[in-house]
Amino acid sequence: MALLETDRVWKKFGGVTAVQDIALSIEKGEILGMIGPNGSGKTSFINLLSGIYRPDKGKITFIEEDITGLPAHLITKKGIARTFQNLRVFPNISVLDNLLIGRHCKVNNSLANIYLNPFLSRKREKEAEDRVIELLDWVHLADRRKELAKNLPYGEQRLLEICRALASEPQLVLLDEPCAGMNPVEMDTLAAFLKNLRDRGTTLFIIEHNMRFIMSIAERIVVLDAGTKFREGSPVQIQNDKEVQRIYLGEEEEA
Amino acid sequence: MLRIKKNRLLLYAGLLACVIVLPFIVRDPYFIGMVNFIIIYSILCLGLNLILGYTGLLSLGHAAFYGIGAYATAILMTKHGFSFLPSLIVSGLLALFFGFLLGLPTRKVRGDYFCLLTIAFGEIFRLVTQAWINFTGGAMGIVGIPIPEVLGWKIQTEIDFYFLGLGLLGFTYGTLHLLTESKFGRAFVAIREDELAASVMGINTPMYKILTFSIGSLYAGIAGSYLAVYQTTVTPSNFRLEESCLMIIMVIVGGMGNLAATFVGVSVMAVAIEFFRPVPEYRLLIIGLIMILVLLFRPQGLLGAAAFKD
Amino acid sequence: MFIDVLIVGIMVGAIYTLVTIGYSMVYGMLKLMNFAHGDVYIFGTLLCYTLLAQAHLPPLLGILIAALAGGILASMVEFFAYRRLRAAQHRMISMITALGAAYVIQNASELRWGSQVLPFPSLFPSQLVTVLGHQISVTPIITLAIAVFFIVAFNLFLNHHKMGKAILCVSQDIPTSSLMGIPINRIISMVYFLGGMMGVVGGILYSASYNAISLGMGFRGTIVAFTAAVIGGIGSMSGTLIGGMILGISENIISVYVSSSYRDSIMFLVLIVILLIKPTGIMGKVEQDKL
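Protein chains in written order, with our numbering: chain E, 1 to 255; chain V, 1 to 310; chain D, 1 to 291.
Please note that a few of the clues may not be correct.
[As the list claims (entries may be wrong)] Partner residues aside, some chain V positions facing chain E, computed with beta carbon under 8 Å: (1) Arg-110; (2) Pro-146; (3) Glu-149; (4) Leu-196; (5) Leu-303; (6) Ala-306.
[Unchecked claim] List time: in silico DSS-like cross-link candidates among lysine-lysine, alpha-carbon distance up to 30 Å: (7) E:Lys-59 <-> E:Lys-77; (8) V:Lys-5 <-> E:Lys-106; (9) E:Lys-12 <-> D:Lys-31; (10) E:Lys-78 <-> E:Lys-242; (11) V:Lys-108 <-> D:Lys-165.
[As the list claims (entries may be wrong)] Coverage of chain V stretches by chain E, computed from C-beta distances (three or more under 8 Å per stretch; other residues unrestricted): (12) 41-52; (13) 176-190.
Read the hints as simulated data drawn from the structure, not as lab findings. If you're wondering where the values come from, they're calculated on a predicted model, not measured in any experiment. Think of the CB as a built atom: it goes at the ideal place given N, C-alpha and C, for glycine as much as any other residue.
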């Protein structure tokens with residue numbers, strides 16, 4: 001079943017067409033990878049999916065509901081979370097608070113609650129904290145929950161960002177270059193973690209440059225070139241595709 | 001665990017006792033007057049800290065809401081015979097309403113430009129109060145605001161005002177504390193730190209910015225109402241841009257993003273102002289220098305959030 | 001007579017443009033709202049008053065010294081108060097610092113000159129000239145000509161002189177300019193210096209026209225600068241010109257035909273309206289941030 005579908009979406013910036021006529025579907029329970037040379041529109045595409053950009057043309061559906069043009073915060077409420085290419089954890093806030101912010105839309109405390117029913121609101125806060133600490137336990141960061149995010153080593157900050165995305169219990173997580181800057185050991189840990197995540201029922205959409213990584217965990221791969229969907233297929237197919245290799249000419253490949 | 005909670009409760013009880021007993025130990029009305037000054041500014045700056053310290057919005061128009069509250073109470077009590085409590089409530093709600101209005105443009109108007117908007121708002125308020133003589137008394141303002149009465153208690157002496165102020169301050173701090181410790185507080189901070197990431201967390205950033213303005217301004221209105229009955233007069237010169245700047249520097253010196261630190265900031269600046277009272281011609285210079293030095297060398301203030309450290 | 005009002009309006013517009021250039025360049029380059037701008041150039045104007053009216057220096061010399069002093073003060077403020085904060089994470093910090101600097105300068109000026117209105121001497125003899133059957137005062141025309149001269153000269157400097165072009169580069173992209181070998185700090189100091197100088201010249205022209213200078217004009221001067229910059233569009237010379245002109249002409253017309261006591265309120269209302277409708281101003285590009 002298609003969890004998310006884009007139907008011929010376009011995005012232009014002034015004279016530059018960043019995303020051109022892309023029709024894509026992400027199946028429930030899969031790990032879909034997206035690769036493409038620099039500037040091919042991958043980040044713009046993920047920005048479209050997460051509601052940071054509105055498509056100029058086209059439609060986006062999520063669980064058969066039209067979410068085209070919805071603002072980012074509503075899209076997250078619908079069940080799509082994301083991470084950023086250049087790591088946007090809140091550096092001066094504790095690990096725990098980072099995750100609690102990520103869980104924002106699931107903490108059911110209105111203003112009325114807070115003032116008129118402080119015991120209930122305290123209880124809900126505690127629930128949220130417990131759930132979030134579970135997540136931290138999973139990645140072995142629970143004992144460092146009071147530390148400021150910026151004091152964590154880089155690899156763990158990346159993990160933190162993913163956990164923060166997971167805190168809202170999304171059905172679909174969009175990851176923008178999750179292993180940028182990681183060493184091979186960290187990458188393998190991340191790959192295992194993501195596969196585990198998928199096995200637990202979360203659908204993943206991953207943009208990555210690192211071929212070894214993406215080929216090892218994605219079930220299907222989409223190749224973007226100059227804003228258009230260039231190819232789609234299994235990792236083996238894509239890897240052996242001469243045309244794909246051609247558009248990457250001049251770029252370093254780690255196959 | 002329970003022992004820590006008990007210790008904390010004892011600490012708060014002790015503080016409360018000290019605060020209640022204070023005016024009976026130190027009977028100097030001048031001292032109490034200064035404490036009242038600290039109380040008013042604490043109420044103002046707690047609200048401003050929510051807007052500036054927690055949410056990261058630079059508002060240079062906070063004094064306008066102070067003024068709206070003050071004028072509302074002054075006009076209601078002198079010209080329409082309202083008693084204090086209803087006036088207080090109207091003042092707060094009116095300030096909240098205008099805060100809401102000022103918060104609306106935050107969706108479209110970017111940070112720096114928004115700051116200009118707040119300056120313009122503040123200045124228009126001041127100019128209007130000066131020009132609309134029939135309603136606001138113009139440059140002379142409104143005088144003869146009657147003695148407030150709360151449930152039979154006539155509030156006349158410095159000590160009376162001290163307890164009234166304490167009540168209002170308690171309300172302010174209590175409600176803001178609950179707010180900032182909740183998901184709302186976290187959302188405000190997220191907006192300050194990285195608005196884009198905050199929106200992706202499911203936070204409706206435009207709505208939260210409007211909320212922070214509305215709530216922050218509510219308390220300014222309350223402080224204004226208190227000022228009106230405390231000073232028995234209200235003039236436009238109480239609400240100049242300079243006042244807004246003074247509040248900003250109090251929030252900064254205490255610590256942005258830390259409610260409790262606001263008391264420290266207000267007290268430190270109050271003492272500093274007292275100290276320089278004999279040389280009023282240097283007042284702005286000193287305020288300006290403090291602003292620059294604090295921001296250059298210790299932008300997080302005395303107790304502020306780590307986010308503002310260099 | 002309307003033609004008088006119009007000429008004076010254009011003159012004021014040109015002066016406002018002169019005064020806004022420095023502010024607009026700083027904001028366009030560094031995204032810093034220099035709240036101290038007005039107080040700096042009014043300081044220079046006050047200094048000029050002392051030099052001309054009290055020390056009786058020849059006008060050209062007095063103006064030159066005052067302009068240099070204004071420029072130096074502006075770059076000193078940058079050096080001491082702003083420079084270190086350029087990389088601050090929260091930009092509002094620099095804005096608050098700028099306010100602090102404004103207060104320091106304002107207070108210092110007040111200590112020296114007090115807050116009353118001082119009689120600034122006229123620079124040009126008041127003569128009437130008959131043009132197309134109307135009698136017009138010559139002073140605003142000369143003042144306008146001088147203001148325009150400086151605006152044009154500065155524009156030429158920006159586009160044709162080596163340092164001017166360097167300034168334009170830095171305005172667009174600091175890291176790249178730095179990599180190209182442009183000394184960033186020096187260029188920034190120069191921008192403040194030139195902006196301050198031109199501000200002083202503008203202030204002097206204004207005060208000479210109205211024969212008045214007072215401390216209060218500092219705050220007002222800053223407001224004029226950022227209102228004109230917002231109206232016309234930050235960071236573009238043509239924007240500054242348009243903004244200055246619109247502000248100057250409309251202000252003058254309203255002041256004469258409607259009421260002068262509401263002059264400031266009108267300016268703020270215009271500011272608010274523009275901020276709400278198109279904060280990037282008339283010439284400014286609508287920024288669509290590509291993330």
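Evaluation of the provided hints:
A cut of 8 Å between beta carbons decides the hint on V:Arg-110: the least distance to chain E is about 16 Å, and the hint is violated. This hint is violated: V:Pro-146 has a C-beta 32 Å from the nearest C-beta of chain E, more than the 8 Å allowed. Evaluation of the V:Glu-149 hint against chain E yields a violated restraint, the C-beta minimum of about 27 Å exceeding 8 Å. Checking V:Leu-196 against chain E: minimum C-beta separation of about 7 Å stays under 8 Å; hint holds.
Annotation: V:Leu-303 was flagged as interfacial toward chain E, and the flag is violated, the nearest CB pair being 15 Å apart, outside 8 Å. Taking 8 Å as the C-beta cut-off, the interface hint given for V:Ala-306 holds, the closest approach to chain E being about 5 Å. For the given pair, E:Lys-59 sits about 19 Å from E:Lys-77 by alpha-carbon distance, which is consistent with the 30 Å threshold. At roughly 28 Å between alpha-carbon atoms, V:Lys-5 and E:Lys-106 fall within 30 Å of each other, so this suggested pair holds.
For the given pair, E:Lys-12 sits about 26 Å from D:Lys-31 by alpha-carbon distance, which is consistent with the 30 Å threshold. Straight-line distance between C-alpha atoms of E:Lys-78 and E:Lys-242 comes to about 39 Å, which puts the hinted pair past the 30 Å bound. Note on V:Lys-108 and D:Lys-165: the hinted pairing is violated, with a Cα-Cα distance of about 33 Å set against a maximum of 30 Å. With a cut-off of 8 Å between beta carbons, the segment 41-52 of chain V has 0 residues touching chain E; three or more are needed, and the interface restraint is violated.
Counting residues of the segment 176-190 of chain V whose CB lies closer than 8 Å to any CB of chain E gives 9, which reaches the minimum of 3, so the coverage claim holds.
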